[in-house]
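S.K.: Residues per chain, in single letters:
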Amino acid sequence: QKEVEQNSGPLSVPEGAIASLNCTYSDRGSQSFFWYRQYSGKSPELIMFIYSNGDKEDGRFTAQLNKASQYVSLLIRDSQPSDSATYLCAVKRSGAGSYQLTFGKGTKLSVIP
Amino acid sequence: DTAVSQTPKYLVTQMGNDKSIKCEQNLGHDTMYWYKQDSKKFLKIMFSYNNKELIINETVPNRFSPKSPDKAHLNLHINSLELGDSAVYFCASSQDPAGGNEQFFGPGTRLTVL
Chain A
-14 QKEVEQNSGP
-4 LSVPEGAIAS
6 LNCTYSDRGS
16 QSFFWYRQYS
26 GKSPELIMFI
36 YSNGDKEDGR
46 FTAQLNKASQ
56 YVSLLIRDSQ
66 PSDSATYLCA
76 VKRSGAGSYQ
86 LTFGKGTKLS
96 VIP
Chain B
785 DTAVSQTPKY
795 LVTQMGNDKS
805 IKCEQNLGHD
815 TMYWYKQDSK
825 KFLKIMFSYN
835 NKELIINETV
845 PNRFSPKSPD
855 KAHLNLHINS
865 LELGDSAVYF
875 CASSQDPAGG
885 NEQFFGPGTR
895 LTVL
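Quick mapping for you: the protein sequence lines, in order, are chains A and B.
For the first sequence, my numbering gives the first residue as -14, with consecutive numbering after it.
For the second sequence, my numbering gives the first residue as 785, with consecutive numbering after it.
If you're looking for bench data, these hints aren't it; they were derived computationally from the structure.
Take these hints with a grain of salt, some might be off.
What the hints assert, rightly or not - Ranges of calculated distance between the beta carbons of each label pair, as one might list FRET restraints:
(1) 38(A) - 798(B): 26 to 34 angstroms
(2) 845(B) - 63(A): 39 to 47 angstroms
(3) 38(A) - 826(B): 25 to 33 angstroms
Unchecked claim - Calculated lysine-lysine pairs in the DSSO-like style (CA-CA distance at most 27 angstroms, straight line):
(4) 855(B) - 824(B)
(5) 806(B) - 793(B)
(6) 93(A) - 27(A)
(7) 855(B) - 93(A)
(8) 806(B) - 27(A)
(9) 828(B) - 52(A)
(10) 803(B) - 93(A)
(11) 793(B) - 27(A)
(12) 851(B) - 93(A)
(13) 820(B) - 90(A)
For each residue, glycine too, the CB sits at the ideal point set by N, CA and C.
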């Protein structure tokens, strides 16, 4: 059973702090890793993806991947109340025959003004 | 212009009825998906079509039948609706099913079975 695990939260951080969201996965064949943000009542939207070990930065967001530990994380610097949402981790095998994204159950983030 | 659209946005119906949800994407993508998100917000793949061909068919009751008339459309028909079918159903599309491409989600259809 391929699984993606996330702490469901809620994770509460004060405005301006760093929010750290974690995700572990069980399938060692996973090659692509995605973080989606979902506001309440809305659809998921992609905010970051990462394929290689290490860090990838995009504005206030940093994705970190450690394939040996089967661990991917998302850091949000200078957290804003508008970052309050559920963050979904998703993983995917690549190549022929491996088409689907497997999602975690999401971590609810609350940024307190 | 809306990239991935779904109709209807809300659907309230009685147990035992048959209903359909429609999805259209104007992104020129080859692959479309149906996901179910339950009350605990768990997003689970149901089906995927690539160029009108079924490529993912997860363990879903056969009361659910997807249809792709062309690669821009993927509809979901549900027979004999049950209480447990109540959820938000999301359609999504991507350029390439086997690569790492982003999936774009539609706004969702909230199905309530009474």
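S.K.: A separate judgement is required for each hint: does it hold in the structure or not?
M.R.: Against the structure, the hints come out as follows:
1. Judged by the Cβ atoms, the range 26 to 34 angstroms given for residue 38(A) and residue 798(B) is violated: they are separated by roughly 52 angstroms.
2. Look at residue 845(B) against residue 63(A): about 46 angstroms separates their beta carbons, and that is inside 39 to 47 angstroms.
3. In this structure, residue 38(A) and residue 826(B) meet the distance hint of 25 to 33 angstroms, their C-beta atoms being roughly 28 angstroms apart.
4. Of the pairs offered as hints, the one joining residue 855(B) and residue 824(B) is violated, with about 31 angstroms between alpha carbons and a cut-off of 27 angstroms exceeded.
5. Our distance criterion of 27 angstroms between C-alpha atoms is met by residue 806(B) and residue 793(B), whose separation comes to about 10 angstroms.
6. Distance check on the hinted pair: residue 93(A) and residue 27(A) sit about 14 angstroms apart at the alpha-carbon level, within 27 angstroms; holds.
7. Of the supplied pair hints, the one linking residue 855(B) and residue 93(A) is violated, its CA atoms being roughly 34 angstroms apart against a limit of 27 angstroms.
8. The straight-line distance between the Cα atoms of residue 806(B) and residue 27(A) is roughly 18 angstroms, inside the 27 angstroms bound, and the hint therefore holds.
9. Under the criterion of a C-alpha separation no larger than 27 angstroms, the hint pairing residue 828(B) with residue 52(A) is consistent with the structure, at around 23 angstroms.
10. As the CA atoms of residue 803(B) and residue 93(A) are separated by approximately 32 angstroms, the hinted pair breaks the 27 angstroms bound.
11. About 11 angstroms separates the Cα atoms of residue 793(B) and residue 27(A), which keeps this hinted pair within 27 angstroms; it holds.
12. With a C-alpha separation of about 34 angstroms, the suggested pairing of residue 851(B) with residue 93(A) is violated against the 27 angstroms cut-off.
13. For the suggested pair residue 820(B) and residue 90(A), the alpha carbons sit about 12 angstroms apart, so the restraint of at most 27 angstroms is met.
Of the numbered hints listed earlier, those contradicted by the structure are 1, 4, 7, 10 and 12.
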